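A.B. asks: Here is how the chains run, residue by residue.
Number of protein chains: 2
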Amino acid sequence: MNKILDICGKSNIMEPIRSFEQLTSHLQSLNKKPRIAVVCAKDANTEYAISRALGEGIAEFIMLGDATDLESFTSLRRYPHSVQILHIVDPDEAAREAVRMVRDGEADILMKGIINTDNLLHAILDKETGLLPKGKILTHLAVMQIPTYNKLLFFSDAAVIPRPTLQQRIEMIWYAIRVCRQFGIEQPRIALIHCTEKVSAKFPHSLDYVNIVELAEAGEFGDVIIDGPLDVSTACEQASGQIKGIASPINGQADVLIFPNIESGNAFYKSVSLFAGAEMAALLQGPTNPVVLPSRSDSGLSKYYSIAMACLTCKECL
Amino acid sequence: MNKILDICGKSNIMEPIRSFEQLTSHLQSLNKKPRIAVVCAKDANTEYAISRALGEGIAEFIMLGDATDLESFTSLRRYPHSVQILHIVDPDEAAREAVRMVRDGEADILMKGIINTDNLLHAILDKETGLLPKGKILTHLAVMQIPTYNKLLFFSDAAVIPRPTLQQRIEMIWYAIRVCRQFGIEQPRIALIHCTEKVSAKFPHSLDYVNIVELAEAGEFGDVIIDGPLDVSTACEQASGQIKGIASPINGQADVLIFPNIESGNAFYKSVSLFAGAEMAALLQGPTNPVVLPSRSDSGLSKYYSIAMACLTCKECL
Chain A
11 MNKILDICGK SNIMEPIRSF EQLTSHLQSL NKKPRIAVVC AKDANTEYAI SRALGEGIAE
71 FIMLGDATDL ESFTSLRRYP HSVQILHIVD PDEAAREAVR MVRDGEADIL MKGIINTDNL
131 LHAILDKETG LLPKGKILTH LAVMQIPTYN KLLFFSDAAV IPRPTLQQRI EMIWYAIRVC
191 RQFGIEQPRI ALIHCTEKVS AKFPHSLDYV NIVELAEAGE FGDVIIDGPL DVSTACEQAS
251 GQIKGIASPI NGQADVLIFP NIESGNAFYK SVSLFAGAEM AALLQGPTNP VVLPSRSDSG
311 LSKYYSIAMA CLTCKECL
Chain B
11 MNKILDICGK SNIMEPIRSF EQLTSHLQSL NKKPRIAVVC AKDANTEYAI SRALGEGIAE
71 FIMLGDATDL ESFTSLRRYP HSVQILHIVD PDEAAREAVR MVRDGEADIL MKGIINTDNL
131 LHAILDKETG LLPKGKILTH LAVMQIPTYN KLLFFSDAAV IPRPTLQQRI EMIWYAIRVC
191 RQFGIEQPRI ALIHCTEKVS AKFPHSLDYV NIVELAEAGE FGDVIIDGPL DVSTACEQAS
251 GQIKGIASPI NGQADVLIFP NIESGNAFYK SVSLFAGAEM AALLQGPTNP VVLPSRSDSG
311 LSKYYSIAMA CLTCKECL
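For the protein sequence lines, the chains are A and B, in the order given.
Position 243 (the first sequence) corresponds to 253 in this note's numbering; numbering is contiguous.
Position 148 (the second sequence) corresponds to 158 in this note's numbering; numbering is contiguous.
It should be emphasised that the hints constitute simulated quantities derived from the structure, not laboratory data.
Hints should not be assumed to be uniformly reliable.
Same chains, same names: a pair is fine if it fits in one copy or spans any two.
In silico lysine to any residue, SDA-like type, Cα no more than 25 Å apart, as pairs [to be verified]:
no.	residue 1	residue 2
1	Lys-254	Pro-101
2	Lys-52	Glu-107
3	Lys-137	Glu-57
4	Lys-52	Asp-100
5	Lys-254	Val-99
6	Lys-42	Ser-85
Quick caveat: nothing in here was measured; it's all calculated off a predicted structure.
Pulled out of the complex, with its shape left as it was, chain A reads as follows (with noise of 0.2 Å):
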């Protein structure tokens, strides 16, 4: 169990949360209301996502765009204390306003709306105004709810980093060890993802892996399980490593899926929640403070829980 403070300062044993529903009320408790500046919010999802944030008593909204596109969000008009709107019509002014909002401390989360994600992240990576750290790594983690598995699933990097270095793959891991210790899991469980158990240098990640689990076992990562390369079934499956005779300390009960590449995390995100009914919560990775850049094709739901892991995951929160 993690120790956390609680508001009074006294010190806490978290619960893993294993479910959305188990993160809001742990937000709840919590009893926060970070800041979140959005930027051009004009489509329904969205509107959504903040109502629902709004009702649940987790966070407070600046909105910054053109003004009209939010004539038509009337679910935020009863929460006239925790939303404020900045009128703003060029999307790329709204987007450097929103980020120095955040750099000046004014707001604490940076939430993309209806914007082009090249011109949003042209904001955020700047060097001189934006939001990421000299030298820190800009990757996605996402998080999944799989109705038929037992537990929240991580995973990394669906949308950033086409073919990680070895580095970027230890930072991506760094990243999602520290996102899962705040969603209260104590131990854990990093599965490197290939298409087979078998290192080849045929597959330059498989090497990487090699790597990765000698700095894993050499105490490098601290308290957690790292093992790979393993596929998808091997990783989240007792039964398949129990038939290919493969004996992994991850035992089929991954908590996180390191992808090898783009278009593997990609395919892994799209059919799982198509397929499978998965609801997503996803943030960039590397900015001084939490980034929600949903897709438009995200749902409401989605949106929402990605507010929620932004909300755990801020330094206001914690």
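Keeping the supplied structure of chain A fixed, place chain B upon it in accordance with the hints.
C.D. replies: Okay, now just chain B, sitting in the frame of chain A:
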């Protein structure tokens, strides 16, 4: 509708096969029993698959391997006229003999039991005595029945070619088209999978896709719909394309997914099997005759469906 010749030689209209149940019924209506040479069967899942195929009356079997391994296969004793046992202790010798039987027309289909895949492939790929015609590309085509999708979904390549070249992708598409036609799919919809819908020089396969779509539009592949790059959700869900404003002729109704690399194909296969309860069949493509090459961890049902797929695509059945 595809025209096929029925057993009386009359021209017949074939309804598309949309489930594995329909596949079995269709095979039964053909009233043909291809002979399947099985190398080193010794596990319960293989026994189940063979016993089921015998019970459905869709095939006959020649079992090559250590006869003592087969002693526990009591379920096969019910079909003495449809099962022949060839006692060969050495697995490599059994593999070579099974391949010879297929080459010489004494068997129609080759199937792997519990023998190292590389050892069986060695016999299949032998330039003098194997089953792969010179210049033919060896690849893997699988088909899934996903409870949450309204038809069978074919995909390639989750198991053989790590990073296909343009020429290999074109061959993969040709194999998929041929098999789709055998399943009665008049105008197969083939989605070229990527993590986004954007073409970018950063992802060479997305440039291959542009070439392939041009070839398809020029009529090179006949009456098919080919589009890409698309992600899995845009390929298989209408709403997803609509939200993103993407007008693809696939229209969220893909019959075939061509994956950019083996990691993404394998992540799709393993995660949809595990989390969406999908059943699967798969065959090698390229050899003169169907080759069933299941994973050790495939279920008995998946092994049976692979046998059924082999029977459908076998020259003997057509």
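A.B. asks: At most 25 Å between C-alpha atoms: does Lys-137 with Glu-57 qualify within a copy, between copies, both, or neither?
C.D. replies: For Lys-137 and Glu-57, the Cα distance exceeds 25 Å both inside one copy (31 Å) and across copies (63 Å).
A.B. asks: My question is about Lys-254 and Val-99: at a cut-off of 25 Å on alpha-carbon distance, are they close within one copy, between copies, both, or neither?
C.D. replies: between (58 Å within a copy, 23 Å between copies)
A.B. asks: Measure nothing new, just compare the shortest in-copy and cross-copy C-alpha distances for Lys-52 and Asp-100 to 25 Å and report within, between, both or neither.
C.D. replies: Answer is within: at 14 Å inside a copy they meet the 25 Å cutoff, but 68 Å across does not.
A.B. asks: Checking Lys-52 and Glu-107: alpha-carbon separation at most 25 Å within a copy, between copies, both or neither?
C.D. replies: Answer is within: at 18 Å inside a copy they meet the 25 Å cutoff, but 67 Å across does not.
A.B. asks: Could you figure out if Lys-42 and Ser-85 sit no more than 25 Å apart (CA to CA) within one copy, between two copies, both or neither?
C.D. replies: within (22 Å within a copy, 64 Å between copies)
A.B. asks: How would you classify Lys-254 and Pro-101 at a CA-CA limit of 25 Å: within, between, both, or neither?
C.D. replies: between (53 Å within a copy, 19 Å between copies)
The earlier numbered hint that this structure contradicts is number 3, and it is the only one.
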